[in-house]
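Peer 1: Residues 8 to 489 (the numbering used here) are what the sequence shown spells out, left to right.
Heads up, a few of these hints could be off.
Claimed, not checked - DEER-style ranges, computed between Cβ atoms:
hint, residue 1, residue 2, range
1, S80, T9, 51 to 61 Å
2, L472, E390, 29 to 39 Å
3, G389, A447, 26 to 36 Å
Hint data in this document are derived by calculation from the structure and do not stem from the laboratory. This one's a predicted model, so the numbers in the text were calculated from it and none came from an experiment. Glycine residues also receive a C-beta, built at the ideal position from the N, C-alpha and C atoms.
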Amino acid sequence: MTPLWTVDTVAGALGTTFRGEGAPAFTGVSIDSRSVNPGDLFFALRGERLDGHAYVGAALEAGAAAVVVADPSCVPAGGACFVVDDTQAALEALARAARTRFGGKVVGLTGSVGKTSTKEMLRTAIEVGCQLRVHASDGNLNNHIGVPLSLARMPEDADVAVFEMGMNHAGEISALSRLVRPDVALVTTISPAHLAFFRDLDAIADAKAEIFDGLESGGTAVLGRDGRYYERLRERALKNDAWYIVSFGESPYANVRMMDYALGAGRVDVTVSAEGRPISYSMPVEGVQWVCNSMASLAVIRALNLSLEDAARGLASVSAPAGRGLRHCLALPSGEGTFQLVDESYNANPDSMDAAIATLSMLPVGPTGRRIAVLGDMLELGEQENALHERLARQVAERDIDLVFATGPLMARLFEALPERLRGQHTAAPELLMAPLVAALRDGDVVTLKGSHGSGVWKIAAALLETCEPRTATGAPAAPQS
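When you get a sec, could you build the whole thing from the sequences and use the hints?
Peer 2: Below, the structure written as structure tokens:
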């Protein structure tokens, strides 16, 4: 097995020397002693609450081949280490070394909605469809720690690398992009997320456009053609030496254009036009957001000069990450019948909430079933938070939704604005909503849960999954997971 890093390459990247015996090879990079694998290089990062130096001994006991520390006194006798002035800066230095030696193509992506799902979709389309080796950041490692960590873990011989970049404040994505130096930079969407930290949506668009600050000269920007910020983003990309702009959307001017889609039971069928060439594909997921994510992914595939047909076939293997649209067939607590749980509880902002409601309105229900929305607060919306929750009430009322349960102080605004026929129950805390929701369920219902992570609506999803037995689509008990 080819090592990820050697003692010499790490020492050279960090500008320090190795203290220890022998010359161990490093097969991974870790910052968490609880998840260290044998052969890892462990970085003892200092955070606001925890100091990784306190866990150096645990990391070595778990099999770390060496540790990177600013204080060598925490290293047990016989422990191998690299001593640096600043472990966060050292991690970034190793990340830069990884990017410098990498010979494949690098994709960077950001946006208000769909970052992680699109990243995973790209990984699947390229690996399964195009049969290339892909390195992608795990989970949502998209901040000032996660991005350099993901870079440091990048194998030198991968064909394509995909990195997600997130932010709460201006300037954050610029720094990440200069680390990643993408050949292709994608902005998925611009919507009112994190408005509490920005004066308006224009400022959010400008912050997302920082992804072009690190774009390699001659690189490609991938943009949604339908949004109001297309020209603004395009101009920023061109100022940063983008040679090509590839667009996606419903616009007739989009390079990857939506032609048709249909939601079915556990799947969505899509047809796009790639510069006049029709391409049809199916994905075993549900939701209009997956259609948008797939168009963005195919636009990136085009920017990479890979086969769109191969990638489209690979999309048949995509799966919804936890909390992002995964559907569960569950037995009613009474044991008489089943209901469908669509878990969208990972996070929410106005656009993703609207997409979840739109998807729910199109999902089939049983003969006596209803479409039920369980909604938690959308957070970090600043001065517009009340207005945006009230506007969502109008969007719900205009869709084919039968009942709404809500939790949190902001969702009280939505609940009060709903027509009486749609009101299930509102509670101050998510734990209080479980009992009335379960009591209201009946055979054939479809229940979508959606809210910001901080709203705690995910707790309702977790409780339902724990207390209700899984069933197959036919209602039979599901096979136990091994």
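Peer 1: State for each hint whether it applies.
Peer 2: Outcome of the hint check:
1. S80 <-> T9: 51 to 61 Å: violated (34 Å)
2. L472 <-> E390: 29 to 39 Å: Given about 36 Å between the Cβ atoms, the range holds.
3. G389 <-> A447: 26 to 36 Å: Given about 33 Å between the Cβ atoms, the range holds.
Checked against the numbered hints above, the structure breaks only hint 1 and satisfies the rest.
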